Amino acid sequence: MSYNVDEKGYYGQFGGAYIPEMLYPNVEELRQQYLKITAEPEFKAEFDQLLKDYVGRPSPLYFAKRLSEKYNTKIYLKREDLNHTGAHKINNTIGQILVAKKLGKKRIIAETGAGQHGVATATVCALMGLECIVYMGEIDIARQAPNVARMKMLGATVRAALSGSRTLKDATNEAIRDWINNPVDTHYIIGSAIGPHPYPDMVTRFQSVISEEIKWQLKEKEGRENPDYVIACIGGGSNAAGTYYHFLHEPEVGIIAVEAAGKGVNSGHSAATSKLGKVGIIHGCKTLLMQTPDGQITEPYSISAGLDYPGVGPMHAHLAESGRAEFFSVTDDEAMNAGLELCKLEGIIPAIESSHALAVLNDKKFKPEDVVVICLSGRGDKDLNTYIDYFKF
Amino acid sequence: MNRIEQKLQENKKILSIYFSAGYPNLNDTVQIIQDLEKNGIDMIEIGLPFSDPLADGPTIQASSTTALHNGMTTQILFDQLKDIRKTVSIPLVIMGYFNPMLQYGVEKFCQKCAEIGIDGLIIPDLPVAIYADEYKATFDKYGLINVFLITPQTSDERIRFIDSVSSGFIYMVSSASVTGSSAGFGSTQEDYFKHIADLNLKNPQIVGFGINNAETFNQATQYAKGAIIGSAFITHLKENGSGKIADFVKAIR
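If you're matching them up, the sequences are chains A and B in order. 133 is the number of the first residue of the first sequence in my numbering; add one for each residue after it. 18 is the number of the first residue of the second sequence in my numbering; add one for each residue after it.
Do not take every clue at face value.
[Said to hold, decoys possible] Quick list of in silico lysine to aspartate or glutamate cross-link-like pairs, DMTMM-like style, CA-CA up to 25 Å: (1) A:Lys410 - B:Glu151; (2) B:Lys153 - A:Glu160; (3) A:Lys407 - A:Glu357; (4) A:Lys168 - B:Glu151; (5) A:Lys140 - B:Asp52; (6) A:Lys410 - B:Glu174.
Just so you know, these hints were derived from the structure itself, not from any lab. Being a predicted model, the structure only gives us computed values, none of them experimental.
Build the full structure now, drawing on both the sequences and the hints.
Written out as structure tokens, the structure is:
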């Protein structure tokens, strides 16, 4: 079985491009061009150079000795938190801004939830001197003030999404509406492995640098390229897609996906899409999504803004349905405690998203000789207020 | 012959109205349809509300949200429309996003539409290619016309392709915009309307998006067969309730 996208833009039954005709020319142009553009030697050279000198790649693959002792297995952390802007998001925005330039676009739009993708987009727009408009739910603007300020300092315009629940889902709707209104000069940088084909595949390819590096880094440290397990948290699923990409067709590598259970999978306040979702259409693709029996998209909940999305990328929906990946869901409490544990054992303050991936160490028993790679997708600076409120520091 | 095709043969410019089912009140749907017909409207697009209407501007988003808060569901809409053909004879089209139809079951949805006497569907986020591959056979089985959109960015080649797979009419989006723009039509739109007319397509075109008064209606129908008013009608409902539909129609033609 293939876990990559097929010619028509599907992963099994998931994916496709369910878009209004107004978006057809833009999405079609991208579909026809993205592989061609990204295969060009000059593109690759510029992308690699920026990842190295600007983002700071390769990100370290760090053997977490004390964490490994505690869980009696060999745990490596892929340190995406050490990237410029503090998370894996920049890998994708660097790639897409170069594609946008190649397509002759003058104006960049993006959606953001917690603000990490918004900051990563504002950053590359500043780098390339392109206009940047970031849509962000009105509620998220209020609760993520530092990231709003960062985007503004970087020269971006932050526009409030006032519709619906005024969070990430609605910010995405507003960005899509902007693209409908500005079909010629604008490129939409989607921040996760979601959206109409070719976005999930394009984002996955840009993020696949994560697993590409894991392979040679592990070879250096362990004498083998393939770990026994790779673990990542999943909201839309871009850090997970990048972490899994080069291991999808290596059957000896176990793939573990960790979703946000919020206050509990069945509490009514959860974002565990693989458990609660049904097949449907969201933001241009067919995937698993949380919805009412009538097909209205429902509002997810997680303490982590980056996992607070009612759908999951189509690649991941296929990994769940086919059984290639093992899906876990982790509650707010479990994630917060796992985050604090990493602070105490390793001196690393993780993003709450990444803390979800760490929490799986309590749910799954690994063998002492297992090599387990966990993607530490982001750093916790942006989450300090949430940590403070939660632990009453 | 389908009621849409019949209507389009009449020697007149078509005035079509869109509204969100279940708005302003849950049970206004049937009364609004009846009043629109009484006041000489030629065709109605009944909006099936959706939580995330990507192609719609603030007015239709808000009316959809209100309708959903009022409790509107696909099943309730079908129940409301059960006897509509006893009183209404103009073409009726359901316009909505694909996910609610998918959850209801596409075949069951089409079957219900046929039972009720719905003539066609407009589904902005179901692209032509996916429709042709997966759903056309079902729509055909129930005699439903699926209407496709074209926009000023659609290439002539693609317009001809869409024309070749369309029946009834082509929904011509007036400008690069979500619904509810009130900017009016300038020379760009006029050139576009004329250009499309010059393509001599087999299907007539009905213009939508940005039609909000007599002036824009007349501009749009100078070249096209008809025009659709949505947001402006919903704003009228919002400001005047459902009792003054005659005033709205009179102001258009």
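**Item:** Earlier hints that do not hold, by number
**Value:** Violated: hints 3, 4, 5, 6.
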